[in-house]
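J.: Read off the chains here:
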Amino acid sequence: MSLLAVLLVLMIIGAIIAIETTNLLSSIVCVGAVGFLISIAFLFMGAPDLAITQLVVEALCLIILIRATINRDLTSVTGDREFFGLTVTVAMVLVCLIAGVKVFEDFPAFGQTVMDRMADTPSSVYLAHGTEQTGARNVITALILGYRNYDALGQVAVIFCAVIGALAILRRPAKKDQKAKDSEADAV
Amino acid sequence: MNDRTQHEGMDLVAKAIAGWLKGFILLFGVYLVLHSHETPGGGFAGGIIIACAFILFTLAEGQHAGMKLLSKHAAAKLASVGALIFLGAAIASACRKGALGADHAGILLFLEKNAMSLYDLALALVVSMLIYVVFSVTSAVHVTVKDGQRKMFRQRRT
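Taken in sequence, the protein lines are chains D and C.
Position 14 of the first sequence, counted from 1, bears residue number 545 in our numbering, the numbering being contiguous throughout.
Position 121 of the second sequence, counted from 1, bears residue number 364 in our numbering, the numbering being contiguous throughout.
I should point out that these hints are in silico values taken from the structure, not numbers from a laboratory.
To spell it out: a stretch of chain D is covered by chain C in this simulated footprint if at least three of its residues, at any positions, have a beta carbon under 8 Å from a beta carbon of chain C; those stretches are:
(1) 667-676
(2) 683-694
With beta-carbon atoms standing in for the labels, derived distance ranges:
(3) Y681/D <-> A317/C: 28 to 34 Å
(4) V624/D <-> S323/C: 42 to 48 Å
(5) G331/C <-> V619/D: 47 to 53 Å
(6) T652/D <-> A308/C: 50 to 56 Å
(7) Y274/C <-> T652/D: 29 to 35 Å
(8) N554/D <-> Y274/C: 37 to 43 Å
(9) G685/D <-> G266/C: 30 to 36 Å
(10) T381/C <-> L538/D: 25 to 31 Å
(11) K320/C <-> V689/D: 16 to 22 Å
(12) L534/D <-> V256/C: 34 to 40 Å
(13) V632/D <-> C338/C: 47 to 53 Å
(14) D254/C <-> N554/D: 22 to 28 Å
(15) T652/D <-> K311/C: 49 to 55 Å
From the structure, some residues in chain D lie toward chain C, with a derived Cβ separation under 8 Å:
(16) P579
(17) D580
(18) I583
(19) T584
(20) V587
(21) V588
(22) L591
(23) I595
(24) R598
(25) A697
(26) L698
(27) L701
Just so it is clear, CB atoms sit at the ideal spot from N, CA and C, and this is done for glycine as well.
Model the full assembly from the supplied sequences, consistent with the hints where possible.
T.: Okay, structure coming up:
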């Protein structure tokens with residue numbers, strides 16, 4: 532539990548550095564550090580499935596973001612903060628913090644889900660009958676691709692539509708436009 | 244922009260090591276996908292590791308060699324095939340069990356027993372190919388600043 536607190540403090544420090552630094556590359560590295568710390572936290576809370584996914588996604592996002600920012604002329608952000616915007620932001624964060632503290636008082640203790648208070652909960656049914664009903668020894672897989680397979684189907688649909696839509700928007704322009712683009716690019 | 248397309252990829256050491264490593268990374272991704280019903284990991288994580296093998300090859304050998312190995316449009320088609328496999332398996336098992344039948348497991352599970360690997364394979368195909376598409380799209384766009392204005396350019400194929 533104290534280790535988790537240390538990890539949380541490190542994550543918050545990394546997030547603040549990522550916001551405050553003006554260099555885009557070091558900001559990305561800090562975001563990556565936050566993600567890796569989250570994966571370590573998942574590992575210590577006993578969720579290796581999530582830890583693997585988080586680690587892999589984080590490494591890949593780091594690669595894509597660095598690839599997208601490095602060798603660009605646009606690597607640093609300058610400009611002063613507006614006083615009014617900063618004040619509003621701080622006020623909103625304070626309001627959210629106070630509301631969050633109130634909400635957390637009503638939460639169940641760490642590691643105790645609300646579902647556990649009831650007698651015949653879905654989660655206990657999944658744990659008891661998951662292996663023989665789905666044939667998967669890994670309960671996580673039995674849940675994600677078995678009992679909650681509509682969820683997985685929706686996720687696949689969402690990511691598929693998002694990426695194919697982005698590909699359609701960022702596709703190479705038609706032949707006629709391409710010539711104009713090329714001459715424009717040569718001029719630079 | 245022209246000199247950037249001439250010397251492709253990284254230097255010789257990076258190319259050699261990437262050539263050795265990409266097979267092992269691909270193998271580990273396939274292992275995670277095929278063993279997802281027993282070990283931690285699964286279609287999503289395994290798919291991203293498979294995509295990482297392709298991305299490593301593309302980073303080391305340059306964009307044109309990567310596009311020659313697996314082009315953006317071929318990757319999008321493979322992802323479509325994966326999505327159709329997922330949807331087809333879901334519809335097939337829902338029809339067979341009777342989605343509105345008395346057996347309520349039909350609508351909740353909509354799977355045959357031991358059908359996990361099929362869903363995982365489809366999920367891994369979709370995720371890996373789509374992540375590769377995202378990578379190739381983002382690495383093909385340049386942002387340059389001229390006269391204080393940001394402009395976006397696409398890398399040309401030649």
